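Q: Below are the chains, spelled out letter by letter.
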Amino acid sequence: MASQAIIFRETNDSKGFYILLALLGALLALGALAFFTAEHHGHHITGMNNQVVWGLPHVFAIFLIVAASGALNVGSIGTVFGKKLYQPMGRLSALLAISLLVGGLIVLVLDLGHPDRLIVAMTTYNFKSIFAWNIILYNGFLALSAVYIWTMMDRKVKKFYKLAGVAAFTWRLILTAGTGSIFGFLVARDFYNSAVMAPLFIVMSFALGLSVFILVLHFAYAWTGRQLGDVVMNRLRYLLAVFIGGVLLLEGARHFTGLYIAQKAGVEHFILFEGGLYTQLFWVGQIMLGSLLPLSLIFCRKLTNNRIALLLAALFTILGGFAQLYVILIGGQAYPLTLFPDADVSSDYFDGVLNTYVPSIWELMLGMGGVALTLVMVTIGVKVLRFLPDSLSDAVADPHSK
Amino acid sequence: MSQNRVDEYRRNFITALGGAAAVVAVAPTLLLREAHAAGEVAAKPADQAVTNAKRWGMLIDVTKLTDGGAGMVAACKKEHGWGDEAHSSPEQQAHWARVVKVTDKLTHNSFSLPVMCQHCENPPCVDVCPTGASMKRADGIVQVNKHTCIGCRYCMMACPYKARSFVHEALQDQKPHSPRGMGTVESCNMCVHRIDNGQLPACVEAAPDAVVFGDLNDPNSAVSQAMKTIGGKQIRADLELNTGVRYHGI
Ligand code: SF4
Ligand code: SF4
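Taken in order, these protein sequences are the chains called A and B.
In terms of my numbering, the first sequence has 457 at position 386, counting the first letter as 1, and numbering is strictly consecutive.
In terms of my numbering, the second sequence has 10 at position 29, counting the first letter as 1, and numbering is strictly consecutive.
Among the clues, some could well be false.
Derived pair list, reagent style DSBU-like, types lysine-lysine, alpha-carbon separation capped at 30 angstroms [unchecked claim]:
1) 117/B to 199/A
2) 127/B to 58/B
3) 335/A to 58/B
4) 454/A to 86/A
5) 59/B to 117/B
6) 209/B to 117/B
7) 82/B to 117/B
8) 82/B to 59/B
9) 154/A to 454/A
10) 155/A to 335/A
11) 155/A to 86/A
12) 214/B to 335/A
13) 86/B to 335/A
14) 214/B to 82/B
15) 214/B to 199/A
16) 209/B to 199/A
17) 45/B to 127/B
18) 127/B to 86/B
Here are some of the chain A residues that sit facing chain B, going by a computed Cβ distance under 7 angstroms [claimed, not checked]:
19) 121
20) 192
21) 199
22) 211
23) 214
24) 374
25) 416
26) 420
Derived from the structure by calculation, the hints contain no laboratory data.
Quick caveat: nothing in here was measured; it's all calculated off a predicted structure.
From the three backbone atoms N, C-alpha and C, an ideal C-beta is built for every residue, glycine too.
Chain A extracted, bound-state conformation (with noise of 0.2 angstroms):
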């Protein structure tokens, strides 16, 4: 472990803190006025309904929990393959993913229809059920990040280390899998029903988990008055672009299948060409302001060690990765279910008919108020505890280790 060279301090007190903690602190009130209003009134003063039944507080709280297990890599890139440079950043990326992970969870647990019965879904479990399994991965990734964290900072169980590191490591795999399956295993929605939806997952939280990664680790810095180096960043930054080339193939892969498996072709055109909102998010979100514009940030030559630049690409990764996670939830649902394969079919309860859903003030404070937990986590995290080193200049991260 290189920590040894490396020194690890708390931030420092600052106006600065308490000034974001207080911005953060608005969007939680506001995200807890979200749930008590949506508590007390019921679901119908939100946009979803029975026809759309998941909506942007699920959008929220997967791309939380999908970021989480792939804030995690950079330290598992360390422990795991003995990368020394990624190894004082371990810390770093264990809270991280701690902290996302917790504010996934709390925008799920409070969208259900019961968030009093929790105790009912921590004690009750049907095991058929990859959404009860999932309970138990998410709990277990608590637990092994925590251990990690653990085996990082305490020298008494450093032998236990790289022990740790493996095994939150394979675990966030299986984690990953298991929301992706979420939708595999919904036989009936043809846009979900595909093996390639664990592996795109696992894959799509490697992108989004550094990208968020990049930037907390950026601002952190900077806002600390930390040193911060390119060989860092660089690495960094050639990481999330093999990241985002593995979505875009998985992805590719995904569409084209697609729209050759006569039960999928219907749904496919959907998203792909006719979808309206669906067919932009798509195409212009996740392809090109999502996919493509990262890259470009990362590989434009004149734009090498420009920090902006990979500031912007982590950024676009982000909203491109919400911009899929939008269009794999709500427009995979705004296609209707297929009761007769070969027939048109109507009804007066929306059969046949694309279903609309027009997100609510309430979902998206719930939402950002997920978002801001999770940033409130890590800001008092490295504050109180030891988790950021002293510097990561480029002598201190010595490009000459492997």
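For chain A, the structure is supplied; the task is to place chain B with the ligands on it using the hints.
A: Using the frame of chain A, we list chain B with the ligands on its own:
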């Protein structure tokens, strides 16, 4: 269902066993009345679990439904009181059953049929439910336990027939025999309260000439005999869910 209701079912079932009548095979055309008269839906005795000796199901002859099933849907609505949620949008209002018009793309031939929970033998809604609230009774009836449903709506995502509704608002004036609850998911429960009492489901009663109800496990039951004679198709048979609600004429 809550433990109380489980117990209640148990108690009721004993009665059913006691009164269980011999099942008579009858001519398909007279099926339903005969079936009823033959006591296929016997009242249930107390203190015994619902067993898998029976599997309740129905055959709907679409060709005999002059209204496409609207009367059946109306009877269901009246029995359970769904669909009048004042604050919910039309998309949010509950629909345990609905009439779907189907027009063949090539021939333009059309027909209508009532679609409700199909009481699948292999129900996706039960498989996915994290808490087991979405459950299948031993006698094949699929329903939601309102006391353990956490309102995640995963079962709604999983159901191929859009048979389930989420209750989007607080409800007033509920039917005592069919309690509902904000924040939980609900669907057609084949009128368990009536079946356990030896009565036919409300929709079946509303269309006596078009629907045969009974025990699918018994080869001599009216419904089994009717299926043997005129067939009983499933919606989306390709999904291999072995539905308990079957149709003729689709
Ligand atoms: S029709 Fe839908 S709700 Fe009914 S048993 Fe089948 S999957 Fe479940
Ligand atoms: S909404 Fe209720 S019944 Fe449906 S899957 Fe979730 S907990 Fe189970």
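Q: Would you mind marking each hint as holding or not holding in the structure?
A: Hints and how they fare:
1. 117/B to 199/A: 14 angstroms, holds
2. 127/B to 58/B: Holds, because 19 angstroms separates the two Cα atoms, which is no more than 30 angstroms.
3. 335/A to 58/B: With a Cα-Cα distance of about 34 angstroms, the restraint between residue 335/A and residue 58/B is violated, given a limit of 30 angstroms.
4. 454/A to 86/A: It holds: about 13 angstroms lies between the C-alpha atoms, which stays within 30 angstroms.
5. 59/B to 117/B: 24 angstroms, holds
6. 209/B to 117/B: 25 angstroms, holds
7. 82/B to 117/B: Status holds; Cα separation ~29 angstroms.
8. 82/B to 59/B: 22 angstroms, holds
9. 154/A to 454/A: 27 angstroms, holds
10. 155/A to 335/A: 45 angstroms, violated
11. 155/A to 86/A: It is violated: about 34 angstroms lies between the C-alpha atoms, which goes past 30 angstroms.
12. 214/B to 335/A: 24 angstroms, holds
13. 86/B to 335/A: Cα-Cα ~18 angstroms, so holds.
14. 214/B to 82/B: Within the cut-off at roughly 16 angstroms; holds.
15. 214/B to 199/A: Distance of about 28 angstroms is within 30 angstroms: holds.
16. 209/B to 199/A: Status violated; Cα separation ~34 angstroms.
17. 45/B to 127/B: 35 angstroms, violated
18. 127/B to 86/B: It is violated: about 40 angstroms lies between the C-alpha atoms, which goes past 30 angstroms.
19. 121: At about 5 angstroms, which falls below the 7 angstroms cut-off, the nearest Cβ of chain B leaves the hint on residue 121/A intact, so it holds.
20. 192: 5 angstroms, holds
21. 199: Holds, because the Cβ-Cβ distance from residue 199/A to chain B comes to roughly 5 angstroms (cut-off 7 angstroms).
22. 211: Violated - the Cβ of residue 211/A stays beyond 7 angstroms from chain B, reaching only about 16 angstroms at its closest.
23. 214: Violated, about 19 angstroms.
24. 374: For residue 374/A, the interface hint is violated, since the closest Cβ of chain B sits about 42 angstroms away, which is over 7 angstroms.
25. 416: Since the shortest Cβ distance to chain B is 5 angstroms, the answer is holds.
26. 420: It holds, given that the least Cβ distance between residue 420/A and chain B is near 4 angstroms, below 7 angstroms.
Violation of the numbered hints given earlier is confined to hints 3, 10, 11, 16, 17, 18, 22, 23 and 24; the remaining hints are satisfied by the structure.
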